[in-house]
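Student: Please build the complex by placing chain R on the supplied structure of chain Y, with the hints as guidance.
There are 2 protein chains.
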Amino acid sequence: MKILFTRESMLYGLQRVEKAVASKTTLPILTGICFETLNSTKLRLIATDLEIGIECIIPCVVENHGAVVLPASMFSEIIKKLPEEEITLEVGEKNKTVITCKNSLFNIAGSSVEDFPRLPDIKEEKIIKISQGLFYDMIRQTIFAVSTDETRQILIGELFEIRNERIKLVALDGYRIAVREGRGESSLNLERDVIIPGKTLNEFAKILSPNNDEYFTVSLTENQILFDMGDTRVVSRLLHGEFVNYNQVIPKQFNTVVEVNKSSMINSIERAYLVAREGRGNNLIKLKIDDEGITITSNSDIGEVREQVKARTSGDSLMIAFNSKYLLDALKATDSEEVKMEFINEVNPCIVKPLNLNNQLNLVLPVKIR
Amino acid sequence: MKILFTRESMLYGLQRVEKAVASKTTLPILTGICFETLNSTKLRLIATDLEIGIECIIPCVVENHGAVVLPASMFSEIIKKLPEEEITLEVGEKNKTVITCKNSLFNIAGSSVEDFPRLPDIKEEKIIKISQGLFYDMIRQTIFAVSTDETRQILIGELFEIRNERIKLVALDGYRIAVREGRGESSLNLERDVIIPGKTLNEFAKILSPNNDEYFTVSLTENQILFDMGDTRVVSRLLHGEFVNYNQVIPKQFNTVVEVNKSSMINSIERAYLVAREGRGNNLIKLKIDDEGITITSNSDIGEVREQVKARTSGDSLMIAFNSKYLLDALKATDSEEVKMEFINEVNPCIVKPLNLNNQLNLVLPVKIR
Chain Y
308 MKILFTRESM LYGLQRVEKA VASKTTLPIL TGICFETLNS TKLRLIATDL
358 EIGIECIIPC VVENHGAVVL PASMFSEIIK KLPEEEITLE VGEKNKTVIT
408 CKNSLFNIAG SSVEDFPRLP DIKEEKIIKI SQGLFYDMIR QTIFAVSTDE
458 TRQILIGELF EIRNERIKLV ALDGYRIAVR EGRGESSLNL ERDVIIPGKT
508 LNEFAKILSP NNDEYFTVSL TENQILFDMG DTRVVSRLLH GEFVNYNQVI
558 PKQFNTVVEV NKSSMINSIE RAYLVAREGR GNNLIKLKID DEGITITSNS
608 DIGEVREQVK ARTSGDSLMI AFNSKYLLDA LKATDSEEVK MEFINEVNPC
658 IVKPLNLNNQ LNLVLPVKIR
Chain R
308 MKILFTRESM LYGLQRVEKA VASKTTLPIL TGICFETLNS TKLRLIATDL
358 EIGIECIIPC VVENHGAVVL PASMFSEIIK KLPEEEITLE VGEKNKTVIT
408 CKNSLFNIAG SSVEDFPRLP DIKEEKIIKI SQGLFYDMIR QTIFAVSTDE
458 TRQILIGELF EIRNERIKLV ALDGYRIAVR EGRGESSLNL ERDVIIPGKT
508 LNEFAKILSP NNDEYFTVSL TENQILFDMG DTRVVSRLLH GEFVNYNQVI
558 PKQFNTVVEV NKSSMINSIE RAYLVAREGR GNNLIKLKID DEGITITSNS
608 DIGEVREQVK ARTSGDSLMI AFNSKYLLDA LKATDSEEVK MEFINEVNPC
658 IVKPLNLNNQ LNLVLPVKIR
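Chains Y and R, in that order, are what the protein sequence lines are. Read in order, the letters of the first sequence are residues 308 to 677 in my numbering. Read in order, the letters of the second sequence are residues 308 to 677 in my numbering.
For reference, chain Y alone in the conformation it holds in the complex (with noise of 0.2 Å):
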């Protein structure tokens, strides 16, 4: 194998692979990435932890065909301090590989690509484009109330619906509920369920674009999920398992109704957060809604701290609790600066949306107050 590439075009390939490169592994061989010439003119690269793989092709002048696994941060960290030069990589024999570039040249070991596992063929039934920015932005409001919790397997996860065109994220951990709506393109008439590692949707959105308008694809099977970007392929395994039943949690009454400034209200509770975070768990906050607004209380060892903040309040007045970090939560993933606030009473969940759109929800449940 003998090819001729630019830095720049390597450093994109690594930055797309990367992210699947195994950290920790009982497979050594999972911490390189495996490089392959594809044609004259194009380079494949794979890297996979066996839960996600991603691949990536880029463009190259080959010499000779072949294939290789070098050491994914070592081949990176040599890429990054070569100079903005033609660089040649050649792998002799038992690996042997030779990277030159100017007045440099590195000897390192490579590794038979035999013992690499390749990516799963997925037949290319493709179901749905969405577009970069959207979707970038539905994993950005959803991800943050993914379970941490390993025994619950399920609720790692985020349910990715899809009703033809319509899509949904959903992820919930518990204690709160984030569901985003959004819209793709599809000329088939499909209903599916899936769940999605939260892992994987995690280092998709950091390949996505934001607000980049341009599509890629969803192809499924029962088992894995392929996202399509052109010259980049990102699969991953599916959860299985009964996803809740969210919509039966979502309450649709409410008693009390709060419209209020999304940035106030973040600064206030981030503000109150300080002394909450001092105090013995759940980092308490205490919300008094009236025909004066919102005042926010929260006491703790080292003191005690209040805030007004203006609201357009309708309803019974209510004092409610909560733990400051998932209203937090809800309130930065809300896309819009006014949000409505909706409660039921004290020990019903409170739910938080943007004031004039009705793509997006977050349900946080209150805490109780002895």
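Just so you know, not all the hints are guaranteed correct.
Treat identical chains as interchangeable: a pair holds within one or across any two.
[What the hints assert, rightly or not] List time: in silico DMTMM-like cross-link candidates among lysine to aspartate or glutamate, alpha-carbon distance up to 25 Å:
(1) K617 to E510
(2) K506 to D456
(3) K309 to E343
(4) K569 to D480
(5) K436 to D520
(6) K436 to E358
Hints were generated in silico from the structure; no laboratory data involved.
Tutor: Same frame as chain Y, but now just chain R:
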């Protein structure tokens, strides 16, 4: 005590004194900052960990005089989170402190200033005036060579030589020496050698403005040094003992002299370091110097590297080995795009200095190759 101040001026003061706040300490009060009114428009902030003390005077409106100690990190986080509005701080009975700003109110527990150690009074015999930018550079170009070996107390400090208006900072750790000269302004005829703790210089450098021609003054007592910047004063203990006679160690005669571009040399060593660091200690790289220039090589378990660096060489050919980190530090500290490297043989120290300046010198010991 009751004062009014702006968020901006308080943040300025906090940012100055925070560097002296004790992190771990047996004296809890040292994790606080002392605030005391000086006159109707000035507030003094003081922090100290007993090794280094910093005070800063900021503008404020004093309604009632007084003083209080507040927990440093808590107080600064509150100030950072408050809006850009006027802030009121009022201290009541038992040092209970109320901070108010617009719609926010914090009650926090302060401590009595009686237990707070005051900075020593230093008789203000101003010894020398130095420009901030110059001293910043002098510290930056020497501090890396300060020893971290606490068993050789004297070497965790830097020698500060004053010879009338000529000043010098010298750091050494047994493997390398860094010397930087400069010029201050003084009307006294004074020769003094003092040893300033590396930690003090490190923290002081963070307060100094790079590329700023404003002067600060240095005053000295038997045991302390005072840096006075007008609104900010930094006091530190001095180290006592005999500093190494570094002049004796610096060779004056050489057999091999190299003139080389600093960036090319740094880039090549950094690439060689990627391989060297995987070796069995010392980050070993070898330099072969001959008529062709410099060839840098290194090998370790993961592979080999060879780098060619163009250079103007004169004198004997030479093969010499170094800890790549030490050579990198010396080159990076050298303030000149073209540098001169001088060698005697493979066992004697190498000198790195700017090609056309005499204000700076680095000595690096080679590593013996078996």
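Student: Against this structure, judge whether each hint is valid.
Tutor: These are the hints, each one checked on the structure:
no.	hint	result
1	K617 to E510	neither (39 Å within a copy, 43 Å between copies)
2	K506 to D456	within (13 Å within a copy, 43 Å between copies)
3	K309 to E343	within (10 Å within a copy, 72 Å between copies)
4	K569 to D480	within (23 Å within a copy, 55 Å between copies)
5	K436 to D520	within (11 Å within a copy, 59 Å between copies)
6	K436 to E358	within (23 Å within a copy, 63 Å between copies)
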